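Colleague: This is what each chain is made of:
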Amino acid sequence: MEPIINLKNITFRYQGEQTRAALQDVSLTVNKGEWMAIIGHNGSGKSTLAKTINGLLLPETGSVSVGQLDLNEENVWTIRKMVGMVFQNPDNQFVGATVEDDVAFGMENQGIPREEMIPRVKEALEQVKLTDFASKEPARLSGGQKQRVAIAGVVALRPDIIILDEATSMLDPEGRQEVISILKEIKEKYQLTVLSITHDIDEAANANRILVMREGRLVDEGTPAEIFSEGPSLVEKGLDLPFPERLKQALKDRGVTVPETYLTEEGMVDWLWTSILNK
Amino acid sequence: MMNKLILGRYIPGNSLIHRLDPRAKLLTSFYFIGIIFFANNWQSYLLLGLFTLFCVYLSKVDFGFFLRGVRPLLWLILFTVALQVLFTSGGEVYWEWGVFQITEFGVQNGIFIFCRFVLIIFMSTLLTLTTPPLELSDAIEFILRPLNVIHFPVHEISLMLSIALRFVPTLMDETEKIMNAQRARGVDFSEGNLIQKMKAVIPLLIPLFVSSFNRADDLATAMEARGYQGGEGRTKYRVLHWHKKDTVSVCVYAFLTVALIYLRA
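As you go down the protein sequences, you meet chains A and B in turn.
If you use full-length UniProt numbering, the first sequence corresponds to residues 1 to 279, in order.
If you use full-length UniProt numbering, the second sequence corresponds to residues 1 to 265, in order.
Rather than coming from a laboratory, the hints here were simulated on the basis of the structure.
The structure presented is a predicted model; accordingly, all values stated were derived computationally and were not measured.
Treat the hints with caution; some may be incorrect.
[To be verified] Here are the simulated BS3-like cross-link-like pairs (lysine-lysine), alpha carbons at most 30 Å apart as the crow flies:
hint, chain 1, residue 1, chain 2, residue 2
1, A, K136, B, K177
2, A, K136, B, K245
3, A, K129, A, K187
4, A, K129, B, K236
5, A, K8, A, K122
6, B, K244, A, K122
7, B, K236, A, K81
8, A, K187, B, K236
[What the hints assert, rightly or not] Partial list, computed: chain B residues near chain A (C-beta under 8 Å):
hint, residue
9, K60
10, G64
11, L134
12, S162
13, M223
14, E224
15, Y228
16, G233
17, Y237
18, V239
Quick reminder that beta carbons are idealized off the backbone N, C-alpha and C, glycines included.
The shape of chain A in the complex, shown without the other chains (with noise of 0.2 Å):
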C-alpha cells in the first residue's frame, strides 16, 4: 500500500499556551485509498493535527508530507487541491448564498472555467442527493442537508484525500446517517483516501484503522475489532463504547458468557439467533 500522508514527529503549540503542546511528537502514516479515525476526548488535539495536514498550522517541530509533497509556504496551495476539508459547524463553513454558489467556491478559486463548472456542480450535487436544492439558500436546508452540499463542495474539486473535521457532530442522528452513507459512496467512487475526526464511535467503526489520541499523544492504534475488544478500558481513555460492546458488557453483567472478540453490529445479530438456537 502506498502511503499519501506522512506526518513525523509533529509537535505543536498554540500560541500563548506555553504549559502543554496541542501536539506532541505525533507520527503517522495513512495508506492511499484507506478510511482512518481519529477518536479521542474533547481537548486530545484531534483537530489541531487534521488542521497541520493541510497546512492551516504549520507545526513547530517535524515535517508533514501529502502525495510526494513536504508541506512548506510553496507547496501549502497545492497541498490544500488534494485535500478537502469538511468542518463542524455546518452553517460557518457555507460561503455561498445558494447551495450550488457553494459548491462552485472552492473550483472558482481555482479558476477553472465556467463552462467546466456548470456540469461539475450539476454532478456533485447529485452525488450528495440534493439536486433540487440547487438555487435554496442555506437558511432553508437542515444541519445534515448543509454538511452534504460542504461535502459535494469538496467532490466538485476532485481531491485525493477527504478530511472530516468533526463533520457529524453537531448533527442529529438521522442527518448523521446520510452523511456517513453518502461518504461511503463517494469513498468507493473516487477513490478517495478518508481522514475522520470523530467523536462518535460508531462512525469510527466504519474505519479500516483508528487511531486513539490522548493529551496530544498518539496513544494506539489498530483496526477496530482490535481497538474495541479492549472493552472496558477503553472507557478509561475517555471513550464511549460501540453498541455491539455495550450489550455484550450487560449481557456479562446477566451472567451471560459472550465472545471476547469485537463484534459488529450484524455479527452480534449472528452470535445472538444462533445462540438462543443451541438452548
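Chain A is already provided as a structure; the job is to place chain B on it using the hints.
Modeller: Just chain B now, with coordinates in the frame of chain A:
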C-alpha cells in the same frame, strides 16, 4: 418585528420586472430618482406617476407592500410637506399668522414634494421587492468594476457584500435564539424606560458579537481550506445576462426623459 419591515425585502415572483437584469433595474432606479427632479408641473408629475403605477402593475406585487413601504417614512414626508406649505410665499394668500402663511404656491409645492417622495419610495421598493439581494450585489459589483483602475478593491467589496447577505438570515435566527434564551433567564426586552431598555440589550449584543467573530474565524478557515487566495485568477460561477428586454427598458427611460423635458414648464 421582522415582518413589518418592507424596505430591503424580496418577494419572489416571475413577472417581467422580476426577470429584468438587475443591472438594468439598479441603474434605471437611480436614474429615476435623478429625473424626478426634472418634473415641475402637473403634467410632468402625472406622467411620472402613471409610469410608476404601470411599473408596479407589471411587477404583479400586491399594492399593499408599496403602501407599507411608505409608512416608516410617513412622518418625514409630512414634516417636509408641512414646512413647504407653511413657509412658501407667492401667489394667492389663503391664511396668515405671524411668519406662517399658506399660499397658492405653498400648497402646490407641498403636493409636488409629497408626490416626489412617494414616487421615489415606490420605485426603490419596487427594486428591492423584485430583485433578490444576491443579484443586487452582483449588479453592484459589475457597476463598480471600472473602479478597479484606481485600485478600489471591487472583488473584496463584492465578496464582503455577498457574505454579509448570506449571513443576515443566520444572524437573525441567532438573535431570536439569544433573545429567547435570555428571556428564559428573566431579561425583559420591552419594559422600563429608555435607559433600562438599552441596558436590557447588552445580554443580547455581547453574545451576538462573540458568536459573529467566532463565525468569521470559522468561515475564514473554511475558505482558506478551499483554496481561497483573493480575487486574482478567480473565475465566476454566477454571471448576469443582458437580454433584449433590458435594452428595451433602458429605451423606455430614454423616451420618458424626452417626454419629461417636453412637458416641463
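Colleague: Is the straight-line distance between the alpha-carbon of K244/B and that of K122/A 30 Å or less?
Modeller: Distance ~28 Å between K244/B and K122/A Cα, so the pair holds.
Colleague: Does the nearest C-beta of chain A fall within a distance shorter than 8 Å of the C-beta of L134/B?
Modeller: 5 Å, holds
Colleague: Classify the hint on E224/B as holds or violated, based on whether any CB of chain A lies nearer than 8 Å to its CB.
Modeller: This interface hint holds because 6 Å falls under the 8 Å limit.
Colleague: For the pair supplied as a hint, K136/A and K245/B, confirm whether the alpha-carbon distance does not exceed 30 Å.
Modeller: Holds - the C-alpha atoms of K245/B and K136/A are around 26 Å apart, at most 30 Å.
Colleague: A closest beta-carbon separation below 8 Å is what the hint needs, so does M223/B meet it against chain A?
Modeller: Given a least distance of 6 Å, the restraint on M223/B holds.
Colleague: Hint check: K129/A vs K236/B, CA-CA at most 30 Å. Holds or violated?
Modeller: Answer holds: K129/A to K236/B is near 24 Å, not above 30 Å.
Colleague: Under 8 Å is the threshold here; is the Cβ of K60/B close enough to any Cβ of chain A for the hint to stand?
Modeller: 21 Å, violated
Colleague: Under 8 Å is the threshold here; is the Cβ of S162/B close enough to any Cβ of chain A for the hint to stand?
Modeller: Result: holds, 6 Å to nearest chain A Cβ.
Colleague: Between K187/A and K236/B, does the CA-CA distance stay at or below 30 Å?
Modeller: Measuring from Cα to Cα gives roughly 28 Å; hence the hint holds.
Colleague: Using the nearest Cβ pair, does Y237/B come within less than 8 Å of chain A?
Modeller: OK, holds: Y237/B within 8 Å of chain A, min 4 Å.
Colleague: Please verify whether K136/A and K177/B have alpha carbons no more than 30 Å apart.
Modeller: Holds, because 23 Å separates the two Cα atoms, which is no more than 30 Å.
Colleague: Quick one, are K129/A and K187/A close enough, alpha carbons at most 30 Å?
Modeller: 15 Å, holds
Checked against the numbered hints above, the structure violates hints 5, 9, 10; every other hint is satisfied.
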